[in-house]
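*Asks:* Keeping their order, the protein sequence lines are chains A and B. Letter by letter, the first sequence follows residues 69 to 233 of this note's numbering. Letter by letter, the second sequence follows residues 69 to 233 of this note's numbering.
Keep in mind the hints are simulated off the structure, nothing from the lab. Do not take every clue at face value.
As the list claims (entries may be wrong) - Pair ranges (Cβ atoms, derived): (1) A:Ala143 / B:Leu200: 43 to 53 Å; (2) A:Thr129 / B:Ala204: 19 to 29 Å; (3) A:Pro114 / B:Val207: 48 to 58 Å; (4) B:Gly118 / A:Ala225: 56 to 66 Å; (5) A:Arg151 / B:Gly188: 54 to 64 Å; (6) B:Val207 / A:Thr129: 56 to 66 Å; (7) B:Ile224 / A:Arg151: 27 to 37 Å; (8) A:Asp193 / B:Ala145: 53 to 63 Å; (9) A:Gly118 / B:Ala130: 49 to 59 Å; (10) A:Pro114 / B:Ala130: 31 to 41 Å.
Said to hold, decoys possible - Away from chain A, derived, C-beta distances all over 10 Å, residues of chain B: (11) Ala148; (12) Leu170; (13) Ala215.
As the list claims (entries may be wrong) - Below, a sample of chain B positions facing chain A; criterion: calculated Cβ distance under 8 Å: (14) Tyr135; (15) Ile139; (16) Leu142; (17) Ser192; (18) His202; (19) Asp212; (20) Leu213; (21) Ala216; (22) Val219; (23) Val220; (24) Asp221.
The C-beta atom is built at its ideal place from N, Cα and C for all residues, glycine as well.
Protein chains: 2
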Amino acid sequence: MTTTLEHHHPASRLRTVLESAAAEDGTLPPLDGELVRAMALPDDLPETLGIAEVADLTGITAHTLRYYERIGLLAVARDAAGRRTYDRAALGRVMFITWLRLSGMPIASVTRYIELVQAGPHTSDERLALLLAHRAAVVSHLRDLQAALAVVDYKIAAYGGTCGS
Amino acid sequence: MTTTLEHHHPASRLRTVLESAAAEDGTLPPLDGELVRAMALPDDLPETLGIAEVADLTGITAHTLRYYERIGLLAVARDAAGRRTYDRAALGRVMFITWLRLSGMPIASVTRYIELVQAGPHTSDERLALLLAHRAAVVSHLRDLQAALAVVDYKIAAYGGTCGS
DNA sequence: GTAGGTCTTCGAGCGCACTCGAAGCCAGGG
DNA sequence: CCCTGGCTTCGAGTGCGCTCGAAGACCTAC
């Protein structure tokens, strides 16, 4: 019990590729690596981007991007004037973080993961374990949602009949 | 997932939903144990239950049940001593609320729905609209989750290779 | 009669994830 | 030269959904 649908908006940008590949009924075809790579990045990006551009691309507000950086979730380079400059790798990190957040991973866990990446390749076991554990949580959540959706559908179908609750 | 809605009362439907959902994948973290209890109602229920029994059956804590009542989400009868007594209908309401919450509906919307039910049958149009809107939100959330899962899976599969983020 | 457990109310506190606002710096245009 | 507009920092505020604790009522067992 703790699912909020309210911040969908970050997903919207990232999801455009998926939507173009989605079937009419809203079901999503199973994603393979190619599709994931396809939604990764447009090719005509400048070398570095400002915070507003990243915000625009990812759907994460500039405020939130700064917040992420403040809590140590994200390191970003600066230009001579002290402004944040996101290169391609940084943008990729933002997008990956967004996916993790979107899949319901708590910020603390995302931070942990990022720390492990920073720490070097010898942490790959723990990283993988973290991802696998999270995967199980996501699958479980998916299952809950599908069940709940079935209940809602049942209720919808029951309209016209009596509906005590 | 959606099909053949029998004209039985919700509890039996919930059980079948659980079974079909549980058959899909083996893993279930602790939160899902509570979910299971929420769905699998024993048939030999007493006429009325105390708050602890409802908490036990639904996985909602007594504290939260009282909270729900405080905010007007749930009306519950009392016995002579002032204790809450949940009859079968009340239990059904608790379970339905649980499903709505689980599907990510904000408490405010659940409250609105319950108010509409209370208001009488002439509100069924608005109720249905609310449910349909919520259904769309759930489907959208499901799609996000599936996409995010694919990204995570992609990352998992990429382990052993280089993983920049 | 008293100890223990379960219930009651009420209000306050917490954790998470933002979200906002104020005050100031800095580059470019008119 | 100054104005505008976007960036910076920092701290504080917001909203949601619980979650907890204190103080007291009441039933049951011993």
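*Asks:* Holds or violated: is there a CB of chain A closer than 8 Å to the CB of B:Leu142?
*Replies:* 10 Å, violated
*Asks:* Let's test the interface hint: is any C-beta of chain A closer than 8 Å to that of B:Asp212?
*Replies:* 5 Å, holds
*Asks:* Holds or violated: is there a CB of chain A closer than 8 Å to the CB of B:Leu213?
*Replies:* 5 Å, holds
*Asks:* Taking the CB of B:Gly118 and the CB of A:Ala225, does the distance hold inside 56 to 66 Å?
*Replies:* Check failed, 33 Å falls outside 56 to 66 Å.
*Asks:* Would the stated hint for B:His202 survive a check requiring a Cβ distance to chain A of less than 8 Å?
*Replies:* The hint holds - B:His202 has a Cβ within 8 Å of chain A, the shortest such distance being about 6 Å.
*Asks:* Is 43 to 53 Å right for how far apart the beta carbons of A:Ala143 and B:Leu200 are?
*Replies:* With Cβ atoms ~44 Å apart, the hint holds.
*Asks:* Using Cβ atoms and 10 Å as the threshold, tell me whether B:Ala148 really stays out of contact range of chain A.
*Replies:* 26 Å, holds
*Asks:* Can you verify the interface hint for B:Val220: is its Cβ closer than 8 Å to any Cβ in chain A?
*Replies:* 5 Å, holds
*Asks:* Taking 8 Å as the limit, does the beta-carbon of B:Tyr135 come near enough to a beta-carbon in chain A?
*Replies:* Hint on B:Tyr135: violated, closest Cβ of chain A at ~12 Å, above 8 Å.
*Asks:* Tell me if the beta carbons of A:Pro114 and B:Ala130 are separated by a distance inside 31 to 41 Å.
*Replies:* 57 Å, violated
*Asks:* Can the hint on B:Asp221 be confirmed by a CB-to-CB distance to chain A that is less than 8 Å?
*Replies:* Nearest chain A Cβ about 7 Å off; hint holds.
*Asks:* Does the no-contact call for B:Leu170 survive, Cβ to all of chain A over 10 Å?
*Replies:* 5 Å, violated
When held up to the earlier numbered hints, the structure conflicts with 3, 4, 6, 10, 12, 13, 14, 15 and 16 and fits the remainder.
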